[in-house]
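Asks: With the hints as your guide, set chains F and Y onto chain X.
So you can see what is in the structure, the chains are spelled out below.
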Amino acid sequence: MNRTLAAIFVTAALASGPVLAQDAIKIGVTQPLTGAFAASGNYVTEGAKLAEAAINASGGVLGRKIQLIIEDNKSNPTEAVATAEKLISKDKVPVMLGAWSSSLTLAVMPKLMEYGVPMLVETSSSGKITVSGNPWIFRISPTSEMEAKAFAGYVKTLGIKKADFLATNNDFGLGASKEFAEMLKANGAQIGVVETMDPKATDFSAQLAKIKASGGDTLFVTTAVEQATLILKQAKEQQVTARIITTGGSVSPDQLIQQAGDAANGSRHVVFFTPWFPEAVKNPDVAKKFVAAWNAKGLPAGGLTEGFRGWDGLYTIVEGIKLAGKAEPAAIQKALWDVKVKGVNGDIAFIKQGPAGQESAQNVPSVYVVRIDGGKVVKN
Amino acid sequence: MKAAFTIAGLVVLATLPWWLDNPYILHVLIVTGIFIIAAISLNLLLGYAGQLSLGHVAFFGIGAYASSLVSLGFDISLLTLKPKPVWMAMLAGIAAAGLCGWLIGRIAFKVRGAYFVIVSISFVEVVRLVAVNWVELTQGPMALNNIPPLSLLGISFLKKPSNYWLVLTVAVISYVLVKRLVQSKAGRAMVALAENEPLARSVGVDVTRTLVLATVVSAAMAGAAGALYAHYIRIVDPDVFLFIYTVTMVIMVVTGGKGTLAGPIIGGLIFGLLPEGLRAFSIKPEIQWIIYGVLMLAVVYFLPAGIVPALKRRLRWLS
Amino acid sequence: MDQFLQHLLNALMLGGTYALLGIGLTLIFGIMRVVNFTHGELYAFGAYMMYALVMRTGVNFFVALVLAIALGALLGAALEFVLLRRLRGADIDTTMLVMIGAWIALQNTEQLVWTGVAKSIDNPFPAAPLVIGAVSVGWNRVFVFVVALLLIGITYFLIQKTKLGKAMRATFQDRDTAALMGVQIGSIHTATFALGSALAAAAGALLGPVFVAYPSMGDMAAAKAFAIVILGGLGSIPGATLGGFILALAEELGAGYISSGYRDAMSFLLIIAILVFKPTGLFAQKERIG
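Protein chains in written order, with this note's numbering: chain X, 37 to 416; chain F, 15 to 333; chain Y, 188 to 477.
Keep in mind the hints are simulated off the structure, nothing from the lab.
Small disclaimer: the values here were computed from a predicted structure and weren't measured.
Cβ atoms here follow ideal geometry from the backbone N, Cα and C, with glycine treated the same way.
Warning: the hint list may mix true and false statements.
Far from chain Y, by Cβ distances over 12 Å, these chain X residues were calculated [to be verified]:
no. : residue
1   : 332
2   : 400
3   : 407
Label pairs and their calculated CB-CB ranges [said to hold, decoys possible]:
no. : chain 1 : residue 1 : chain 2 : residue 2 : range
4   : F       : 297       : X       : 128       : 18 to 24 Å
5   : F       : 169       : X       : 333       : 50 to 56 Å
6   : Y       : 361       : F       : 221       : 23 to 29 Å
7   : F       : 288       : Y       : 281       : 16 to 22 Å
8   : X       : 321       : F       : 315       : 56 to 62 Å
9   : F       : 199       : Y       : 274       : 31 to 37 Å
10  : X       : 321       : F       : 297       : 37 to 43 Å
11  : Y       : 444       : F       : 96        : 36 to 42 Å
12  : Y       : 261       : X       : 100       : 52 to 58 Å
13  : X       : 90        : F       : 33        : 41 to 47 Å
14  : X       : 192       : Y       : 320       : 35 to 41 Å
15  : F       : 210       : Y       : 361       : 19 to 25 Å
So that you can see chain X by itself, here it is in the shape it has in the complex (with noise of 0.2 Å):
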């Protein structure tokens, strides 16, 4: 071999394993680095690695330090496959943390099934992903039917009457709008347009004014936050007056804030993580504790309330291994179920759902409605 191929591969293999990291635990994280999501995989990831580190820092668990193993799934499902295959046959890590959107997500299921490693869901939000019958699925984000059924109570407040929908062309935003035209019709209000967007475009003046047109007192928006910007910013300018409320909890209102100006005031959010009252979560201790550490290390603030879900997800697999006692996939897909934990988004507890005898793991998550007012998050 070339000398100083040799010589990198030395330095290479001594870099990346010193005698403690081969004692770490070993946890996969697979996550949309690059392509449409990479925004929000990468602040996922964030929240990871800061619960890495703060965990490390408290003596790690079993008396070994973690180690996250982070993979690119490029938002595309093939990949997902490979950084699963990678992930599990390669690396041989005995859970795993992903894949942020419900497509990315179900690529990976089928081969949790084949090498029977468990794996925690932090974002996805599809129904399908727990009623498969896949039992190494533990869910902490809540599904779109929760987030609705969370809901219903604000109907009745906010005095809605015809809502109207405008929602990205994916899983998600298809999911969510379904969702909770049900909820909505089941607590008597009217049903307008349903409209959608490709998950890229950027100009929705066509289907404003369609909204505009239909005249309901309330629309619903369901995509990432980029678009969300722009739905407020183009309805402004088309004068649109029915109130606005995004759900999902992908979108920061923080970034709504710095990005869409005046045009944010008076919109609503359904968010599962409230960082600007920590007091008023379940667990202000933890909240505080992780915006800190994101402060910490400079990370925009627009990305609290997705880098939170990294910062849960980790911290409810370590209690599992902690709760299993070993680092070995059954054990640890076992003693998750009997995992309590206190999270950024409130107390972490699965319960079961699917068929029989299959069933995967759901967590029932807090689910918060904010108001922006005078360019600040109030309560709504």
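Replies: Positioned in the frame of chain X, the structure of chains F and Y alone reads:
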């Protein structure tokens, strides 16, 4: 001599699962193999018939969707279908892709060159948007999941080695098929057409017929690759129509050498294994992509005819 | 009726930038025979330059706009010089593959430099929209529309009235004869690619502040530009101008009255329809193959 090499190569490939106990590498090889089949099919159109189709992934995706839908069954307002065995579904996938190839061939070959390229891209986009929006049939972006693996003659193709052999078999069949076809009269007509269309026309080559034939065979083969993909990965969503997949197939063919039988295989191995190779070095994902793009540039620049012709030249020069 | 008027107004505003995108692409194809896959990246580049200049360095918005367009021209010239110059005379497939490679590399460089988080760019226009009866439009969009028309006008002038434009047209009609007549084909190609790129960057610099800047923003823009160019006929500037407005109208009305899910399919459906019924595009004069 050449036959000995081929046989030795095949033996190595066929026995690989026994002496390679790393399932991750086997997975990478299976996926690479599936894309090599697609690249072989594209080579027929791009290399031999001389039509740069940037819509090839449409046939791959149609094969994947059709096969998944037939194996899962569906219930839409016009039609209800009970789940069918997977081998039957795969045949249906191949047929559906071939049929689409015929349709598109009839329409698209009214134009050539840049127009053909753009019409082929548009075709994929329209198919993708149908897959996204026809939720009743395709589940849209919610994806078709829980797709059953192939089981045939009592063997279930759930595990990797069996899938590997399946992909290898289909790849060999595709290779032989293309080889036979290009050596036949119709194949010679294709090559003549690619080289000089007016001349080929003047000696009596039926241009549209020849091109449509190439497209149908090529599309059906890509459909087979798509069906293999669907029942191996076991999820299909509209992302199978991503442009990057087409780019991958094209680059495999061009790197290896368009219009050569071994080209798509060599190019396919390189560009199929490269992303995994890059993954092994812990460099930022964006940089991995940049390397991918630059490599693509470099290949076109320095080996415009591809690796296989360059190697052949080198060999001839040595002897 | 109000809804319909609003759709018309929206289409008019959108059409200006679509035309800008289409003209740049059609120029490059017509004169150089290059299917330019980096066109969308130049669009993204324009938007990111606005972000860098306005938000990071505090340059005046209008000055930044001029600078962003100039930088777009510069990047275009560099791309042509480094990547395409030596490939002149190569077949259309080869240059296309080179442009695809460049597209992948450029887009990921953007993400590397600016991260995947979308960037918004402040604009100096009043937030309250311009209201005409029942319809309304943001002032920033009015500005975009006016500047787009201005740039289209300048491009026409450049092509029709200047010496450079004359040389470009000569190259477009017959490259070999033009070369024989003393036209420096190399410089013409660089100038063409720079001009086309500047127009794409201009579209991005104008729309960046209206929307947001993010790494994959160019993909959608490029797809629309392709549709517009096919619609108008490859190489036809009046065709691309009209094509831009037609596409905008088709999208608006399609989303408004058929289904918004297919809004972005409109461009591709139009391409296929045009190619089936009138393969040369609506406005191309001579039949072109290849």
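Asks: Take the hints in turn and mark each one as holding or not.
Replies: Do the hints match the structure? See the list:
No Cβ of chain Y approaches the Cβ of residue 332/X within 12 Å, the least distance being about 19 Å, so the stated non-interface status holds. The claim that residue 400/X is not at the interface with chain Y holds, since no C-beta of that chain comes within 12 Å of its own (minimum 30 Å). With a least CB separation of 20 Å from chain Y, residue 407/X remains clear of the 12 Å interface cut-off, as annotated. Taken as a hint, the range 18 to 24 Å holds for the pair residue 297/F and residue 128/X, whose Cβ atoms sit roughly 22 Å apart.
Taken as a hint, the range 50 to 56 Å holds for the pair residue 169/F and residue 333/X, whose Cβ atoms sit roughly 52 Å apart. One distance hint, 23 to 29 Å for the beta-carbon pair residue 361/Y and residue 221/F, holds here, with the actual separation near 27 Å. Remark: the range hint 16 to 22 Å for residue 288/F to residue 281/Y is upheld by a beta-carbon distance near 21 Å. Restraint check, residue 321/X to residue 315/F: a C-beta distance of roughly 59 Å satisfies the suggested window 56 to 62 Å.
Taken as a hint, the range 31 to 37 Å holds for the pair residue 199/F and residue 274/Y, whose Cβ atoms sit roughly 35 Å apart. Taking 37 to 43 Å as the suggested C-beta distance range, the pair residue 321/X and residue 297/F conforms, at roughly 38 Å. Restraint check, residue 444/Y to residue 96/F: a C-beta distance of roughly 38 Å satisfies the suggested window 36 to 42 Å. Roughly 54 Å separates the CB atoms of residue 261/Y and residue 100/X, a value that falls within the hinted 52 to 58 Å.
At roughly 44 Å, the beta carbons of residue 90/X and residue 33/F sit within the given window of 41 to 47 Å. The hint said 35 to 41 Å for the Cβ distance between residue 192/X and residue 320/Y, and at roughly 36 Å that hint holds. For the hinted restraint 19 to 25 Å between residue 210/F and residue 361/Y, the CB-CB distance of approximately 21 Å keeps it satisfied.
Checked against the numbered hints above, the structure violates none of them.
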